[in-house]
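A.B. asks: Residue numbers (the working numbering), protein chains in the order written: chain Z, 419 to 493; chain L, 1151 to 1504; chain F, 509 to 844.
Hints are computed from structural coordinates only; laboratory data are not their basis. Yeah, the Cβ is synthetic: ideal placement off N, Cα and C, and Gly gets one too. Treat each hint with caution, since some may be false.
To be verified - Example chain F residues on the side facing chain Z (calculated, C-beta under 10 Å, incomplete): (1) R511; (2) I514; (3) S690; (4) S700; (5) N714; (6) T718; (7) N758; (8) E760; (9) G763; (10) A764; (11) D766; (12) L768; (13) T825.
As the list claims (entries may be wrong) - With the C-beta cut set under 10 Å, the calculated list includes, among others, these residues of chain F facing chain L: (14) D512; (15) G522; (16) R526; (17) E527; (18) G554; (19) P710; (20) E811; (21) R823; (22) G828; (23) I831.
Chain by chain, the residues:
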Amino acid sequence: MCLAVPARIVELHDSTATISVDGILRDVDVSLIEEPRLGDYVLIHAGFAIHRWEQSDVDELQAIRAASDLREITT
Amino acid sequence: MKALIANIEETARRVDRDLKFMEVCGTHTMAAFRSGLRQLLPDNVRLVSGPGCPVCVTDPAYMDAAIELCRRPGVTVATFGDLVRVPGAESSLERERASGANVRIVYSPSDALVIARENPSQHVVFLGVGFETTAPTVAWAIFRAAQDGLRNFSVLCAHKTMPRAMDALVRDQAVRIDGFICPGHVSVITGAQMYRFICQQYRIPCVVSGFEAWDILKSVGMLLRQIAEGRAEVENEYSRSVSEYGNRAAQQLMHEVFEPRDDAWRGIGIIPGSGLGIREKYARFDAAKVLGVTFHEAHVNPLCRCGSVLRGLSTPLDCRLFGRPCSPTHPVGPCMVSSEGVCAAYYKYERMAA
Amino acid sequence: MKRDRILLGHGGGGSMTRELIETVFLPRLENPLLKPLDDSAVLVMGNAGYAFTSDSYVVTPYMFPGGDIGKLAVCGTVNDLAVMGAQPFWLSLSLILEEGLPLADLNTIMDSVHAAAAEVGAQVVTGDTKVVERGKCEGLYINTAGLGKIVVPYWLGSANVKPGDAVILNGPIGEHGVAVMSRREGVAFQTSVKSDCAALWPLVKNILDTGARIRAMRDPTRGGVAGAVCDIARASNVGIRLFEETIPINGEVKGACDLLGLDPLTIANEGKLLVFCGAKDAELVLASMKEHPLGRESRVIGEVSANPEGMALLRTTIGGERIIDMPTGEDLPRIC
C-alpha cells in the first residue's frame, strides 16, 4: 500500500502533470511538491507526486538496479 | 551484490548472537519476499514483519461498516483495490459488488472526487485506509471537496500513524526487537527524524530503507554494523527519497484536515494517539458522522493468529488455519487477503519453508 | 464467509477458476477426454488424432492497441490447437452482439477474423448470431470452437513434462495485458505497448518439423506465465524453476507493472509460447524458433526437476528463490 514509483514529468498543467514511468504516461496531482519543473523526477503514490528527486537520486537508483538486476530490458 | 552480502555475513559473524530485525512496512515485506532476499541473510539474522500493512490492522468492524454502507441505496463506496476482498463478519465488498452494490475501485482519492462530481445523485464514500504516505492524499481530497462545496462526498476514516504503534511494539515485553527497518515512503512524508525517539528512549537502532532488494539488504548491513559498534541511531539508507524533516506541504495538509486520536489496531488493541480523525471543521466530510455509521464489535475467528503475527510474535506457519483453509483464495484473516499481508507473502512465496 | 455467487475472479484463469472447474463442472461432466483439462481435448477418430477446443472472448474494450476481439478470437483458438501439436483447419464463430453496435465496427472485426484465419490456412465453417438488448453486453462477445489435426505421432500434454526438461519462451511477456489495460477506464495510462496477439501455428510447425520430441506447449494467456507453469508443474508433478534474469520484458510493460503493483509473470499474453522439451533437444528447438519472426527472441528461461513436486519457483535476479504462486485471478478482469 505504500507503493510509490519514480516518474519523470513530461508535461505540466495547473495542479497536475503528465508523468512517464519507463514510457507509460499518466496524469498525477503535483500540489504536494514545491515548484515542479518539466523534466523533474518525482515519486508517485496514489495519483500524487510526494517527493522530487535530483538527478543524483535518479543516478543512484540506476546504479542500484544495474548492480542487482541482470535482466535484459528489451525496448 | 555479492560484496554486499559478504559484508553482511562478516558483520553478522562479528555480532555473534541471534538477532531479530523488524521491517514495519507491508511494502517492505512484499519486496523482501518477492526478491527472495530472505534466504540470503545470515543464519543469526531473522527478519520479522510488523504491523505496517494498513489493510491487515484495520479493525474488522470497519469492513462491516463499509459493507453496510455499500448496501444503502444512493451510496457508492469508492476504495483502493486492496480492501475489496477483505472479509467482514459474513461478506466482503467484492461479494456485495457481485450482488449489485455500488463499489468502485479507484487508484487515487482524486478519482473518488471525480466520481462524486459525475454522479450528483450518489453519495460517494471513500474508504480512507493507509498510513502517513496515503493520508495527505486523502486530506487533499477533503480539502478540495470543501473548497468546491461538494455535497455528496465523505471519507470513512481509518488512517493510522506509525510512531505510537512502533512505541507500543517496543514496550510489549514479548516482542523483543533488536533493530527496525523503518518504512520508506511513510518517511518521505514525515522525515527520518520521526524515529529518533526509539533510539533515544530504547537504544534500538533504526534504518530507513528503500524498496529495492539492494536497499533492504544494505539496511540490514547498516543495522548489524550499528549493533557491532554499540550504536543506536537513525540512519537513512533511502536518502534519495527521504529527508530529515519530510514533505512539509503534505504534513501541513494532514494537520489542517486531520487530528490525532486513539485507534484500535487489529491484534494489538487500542494504541493512544495512533489514528487520525477528521477535524470538526471538516465534519461534513466525515462519513461516520454524516451517514450515521455504527461500529459493532466484530467477531474474529479465535484460531486466526493475525494479531500475533502482526506483532512479530508468531509466523504465519504457526497459525493452525494457515493453508487450511486460510489461503489467498479463501482468506480468513486480513493478513492473507491483503496484497501486502505477511501471511499472503508466506503462502505465495515461501510456504514450503519449515 | 459463504461463497454463493460468481465473482469476477472466477473468470481470471487462476486459482478461483480452477476451483470453479473442480467444484461445479468436473463433478457433473467428468469423462476421460475432459479430465486432462489441457488447452484442447485430444480426440481419436479412425487412425488420426484431432484437437478440439472452445473459447469465449469478452475482452473490453473490444478494440485495443495491436488488435481487436476478432483477431483475438481466431488467434486464441488457433493457439489452443497448436500447443497440442495440431494444425488448425476448421473454426466455428458465434457472435453475441449488443443492440446499437456500430456496423462499421463489426465489419472491421470480421475483416480481422478473416485475415487471422487466412494467415494460418484455417476456415470459419459454421457460426451463429444473436443480439441482446443495449446494455446487456459490452459491444459484442465471441465464442469459438476449433478443430485441428495432430501432425505428430505422439501426444503432447501438460502431464508429460519430465525432470531434466528445458523451458523455452519465445519473447517478451505482458504485452497483451498492458495494452488492453491501458484503454480501461479508471486505470487510464498512455503507452505505446501493443498486444502481442498472434497465431502461433507457423512457429509451432517449425518446432515440430525438427523431429524433436516435445513434451508440452502452452500459450500463457490469462494468468500469464505464472499460471501456465503452475498448471504444468501440478499436472506433471514436477518442479519447474524459472530464472528471472532470462525472462524478457519490455521496459514499458515493466513500468506499467511497477505503477500498478502487478507481477509481470501474471499478466496475459496472446502471442507467447512456452515449450517444454528434453534438455538435449533445446538447442535444436531454439534454432528452429529463431528462424520465425514470432520466435526471434526465444530463449531458455528455466528447467524442470523432480522437486519440489508440483510447484514452480523463481530464481530471482539477486540470486534468491521464491515460489511462483498460482494467481488468484482478479487483478485484471476481462482481459481476453
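A.B. asks: Compare the structure with each hint and give your call.
C.D. replies: Right, here's what the structure says about each hint:
1. Checking R511(F) against chain Z by beta carbon gives a least distance of about 25 Å; that is not within 10 Å, so the hint is violated.
2. With a cut of 10 Å, the hint placing I514(F) at the interface with chain Z is violated, because the nearest CB-to-CB distance is about 28 Å.
3. With a cut of 10 Å, the hint placing S690(F) at the interface with chain Z holds, because the nearest CB-to-CB distance is about 8 Å.
4. The interface hint given for S700(F) holds, since its Cβ lies 7 Å from the closest Cβ of chain Z, which is under the 10 Å cut-off.
5. Interface hint status for N714(F): violated, as the beta-carbon distance to the closest one in chain Z is roughly 21 Å, over 10 Å.
6. Below 10 Å, beta-carbon pairs count as interface contacts, and T718(F) has none with chain Z, the closest being about 25 Å; its hint is therefore violated.
7. A least Cβ separation of about 6 Å between N758(F) and chain Z falls short of the 10 Å threshold, and the interface hint therefore holds.
8. Checking E760(F) against chain Z: minimum C-beta separation of about 4 Å stays under 10 Å; hint holds.
9. Given hint, G763(F) at the interface with chain Z, holds; its Cβ is 3 Å from that chain's nearest Cβ, closer than 10 Å.
10. With a least beta-carbon distance of about 5 Å to chain Z, the hint placing A764(F) at the interface is held under the 10 Å criterion.
11. Because the beta carbon of D766(F) sits about 5 Å from the nearest beta carbon in chain Z, less than 10 Å, this interface hint is met.
12. Hint status for L768(F) relative to chain Z: holds, with the closest Cβ pair at about 9 Å, below 10 Å.
13. With 10 Å as the threshold, the beta carbon of T825(F) comes within range of chain Z, its nearest partner Cβ sitting at about 5 Å, so the hint holds.
14. Proximity of D512(F) to chain L holds as hinted, the smallest CB-CB distance being about 9 Å (cut-off 10 Å).
15. For G522(F), the interface hint holds, the least distance from its beta-carbon to any beta-carbon of chain L being 8 Å, beneath 10 Å.
16. Because the smallest distance between the Cβ of R526(F) and any Cβ of chain L comes to about 9 Å, under 10 Å, the interface hint for this residue holds.
17. Hint status for E527(F): holds, given a least beta-carbon distance of 6 Å to chain L, under 10 Å.
18. The criterion of a C-beta within 10 Å of any C-beta in chain L is not met by G554(F), whose closest approach is roughly 43 Å, and the hint is violated.
19. With 10 Å as the threshold, the beta carbon of P710(F) stays out of range of chain L, its nearest partner Cβ sitting at about 36 Å, so the hint is violated.
20. This hint is violated: E811(F) has a C-beta 17 Å from the nearest C-beta of chain L, more than the 10 Å allowed.
21. A hinted interface residue such as R823(F) counts as satisfied when its beta carbon comes closer than 10 Å to some beta carbon of chain L; here the least separation is about 7 Å, so the hint holds.
22. Because the closest C-beta pair between G828(F) and chain L is about 2 Å apart, less than 10 Å, the hint holds.
23. For I831(F), the interface hint holds, since its Cβ comes within 10 Å of a Cβ in chain L; the closest pair sits about 5 Å apart.
Checked against the numbered hints given earlier, the structure breaks hints 1, 2, 5, 6, 18, 19, 20 and satisfies all the rest.
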